[in-house]
Amino acid sequence: MKPIHNLLRQRLYRTQKPLIEHPPIDLLSAFSERALSGPERTSIVKHLANCADCRDIVFLAAREVASSAGQISSFHPSPRWISWPVLRWGTVAACAVIVVAAVRLRPNRQNYSHVPVAVHSQQPLQKAVTAPPNEQSSPNVAAVHPGQEVPPVRRLHNSQGKAKAVPRILGLPPDDSFYRQMALLADVQTDMRRPLPRWTLAADGTLQRSLDDGISWKRVYVAQDHVFRAIAVAGRNVWLGGKKGVLFHSADAGQHWAQMKPTADNPLPASDILGIEFQDELDGKLTTASNVSWTTSDGGRSWEKQ
Amino acid sequence: MRDDPQVAGELPAELNALLEELFAKSPGLSFGLTFAQFKIILKEIAIKHVSVDAQESASTLRDFFSSLRIDDLVLARACAAGNDKAWESFLSRFREKLFDIAGYVAKDSAAARELADSTYADLYGTKLRDGQRVSKLASYTGRGSLEGWLRTVIAQEYVNQYRRRRRLVSFEEEAEVGTQFPAPPVTTETETPVDARLEAATDEVLAALPPDDLFVLTSYYLDDKTLSEIARTLSVHESTISRKVDKLLKSLRKKILGGLSRRGMSRRQAEEALEVDVRDIRINIRNRLTQETRSQSFSEGKAEVPGGQ
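Chains as they are written, first to last, in numbering that gives the first Met the number 0: chain A, 0 to 305; chain B, 0 to 308.
Honestly, I wouldn't trust all of these hints.
Listed next, the stretches of chain B that the computed footprint assigns to chain A, with coverage defined by at least 3 CB atoms under 8 angstroms from CB atoms of chain A [stated by the list, open to error]:
#, segment
1, 9–15
2, 99–112
3, 209–221
Read the hints as simulated data drawn from the structure, not as lab findings.
A virtual CB, placed ideally from N, CA and C, is assigned to each residue, including glycine.
Same shape as in the complex, but just chain A (with noise of 0.2 angstroms):
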């Protein structure tokens, strides 16, 4: 099937015209919505067919759906995983797991105690993470300080900042450290269920993914119009660079992706990123258009130039 693909693309690729004249905002959004119906929905249909700019403005304000994540192409079936053998294993691998987390993370609880105990503020990238016991807080962490009682409630901050409480469950301990321990682990669990994918930069500059091995690729999106030129992976870290010094990094194999911008205190390189390597998760160095190379200690947060 691959070649008429590909001469669907060149063909399709012809039928593309510059448009003069568009239609106006409220009947693409009303089409969005369903809201148009006959000839004047054939006509939009019709118009976004040939005209790339208004499919760009049509598919930039298609609502997102919060079911992405269970969004798979129905070219590959999902074989049937909810099947009695898996259901059964999985059930003793559950108990499993968690009669190993109460027995040792039961100690944990008595040790974190009296220590900071720290919940990062909204970042929207990030997942939220526990901070050392003698790490200081920042800024942007709040901080319960020693001797200081924990409320019996979870404090989690949603996306405006404001805290919201989560009722205690059936006696589980004061302080908050066994739930954020739990989030940790079913977190790791998630992460650990999930294959490590393959990357790999196509030859206009986007990137793509692999799930099975390199037998098939699937093109993903990071950001709008970036030319990627540069990839390194260390684990779960993927750092992306491309033209003009742009440089993303994701810290979970590629689900979230966050570009660096340049600061006062942490500059970057302005030219083209010609090539990224990371030995471990911390220590790497890019090298730019311009010859010039950059090397980093803290796993690409801050950059020096050499």
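Based on the hints, put chain B in the right spot on chain A.
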């Protein structure tokens, strides 16, 4: 205003009653809008969106007026007219959303803030026409929700900002990178035509496709949109799009084979012609299409897209 039949003149009593009812249910009065102004707004919208023939029909007009988002429309027009209470209501409903939408569209907090700010300036109306502030909200017609309209306006603004930015390169960038010269065209990628009959057969089949199918194919093959992105745009389930693409491919293949047969190819020749990958003919179509489509999508030379006015 055009000299159109029903709408341009005095509305029939039945329609007038409907408009009165719609106005009474709307917060128009509290935003300082009079019924006469409300009626003029609705008539203008009908003239713009309802075909002249359909304007003859009272039932079509009734359905059209009833389908409008009157509350949103009244709010938007009152804001455009500078009513403070309307602005208060608008900001309480959409201020956060404006930033959320900008964040989703721009995918970067600094760019999102800039995008939301410039959109807000447009909505408030920083330009003057005949001494009057021109608010973009005056172009909202209530055909979809005000939130959906804002989403589309922000997307359009993002595309326009992108074009404007492409024209500007900072001195630092130029100093570090050096003056850029376009590379000469790659001569090895000269386009050798595919069998003309294959092209003709494919074009014929594509031209006969319904617009919906063509939209799905173009989005999937030219824009590299995922099935879920296309499904979201068309408000259908992803599996529906997946099935559609699958079915379309099979049907296209069959029709192209038929077209090739009509152009004098034997069944076997037609099959062989379809099996030849166009990339084998010294053209890397995928690369070219991706690059060209990108530059076409946000090309500098084009007029700023969709008016909205």
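Right, here's what the structure says about each hint:
1. Coverage of the segment 9–15 of chain B by chain A is violated [criterion: at least 3 residues with CB-CB distance below 8 angstroms; count 0].
2. Only when three residues or more bring their CB closer than 8 angstroms to a CB of chain A does the claim for the segment 99–112 of chain B stand; here the count is 6, and the claim holds.
3. Counting residues of the segment 209–221 of chain B whose CB lies closer than 8 angstroms to any CB of chain A gives 9, so the stated coverage by that chain holds, three being the minimum.
The structure fails hint 1 only (numbered hints given earlier).
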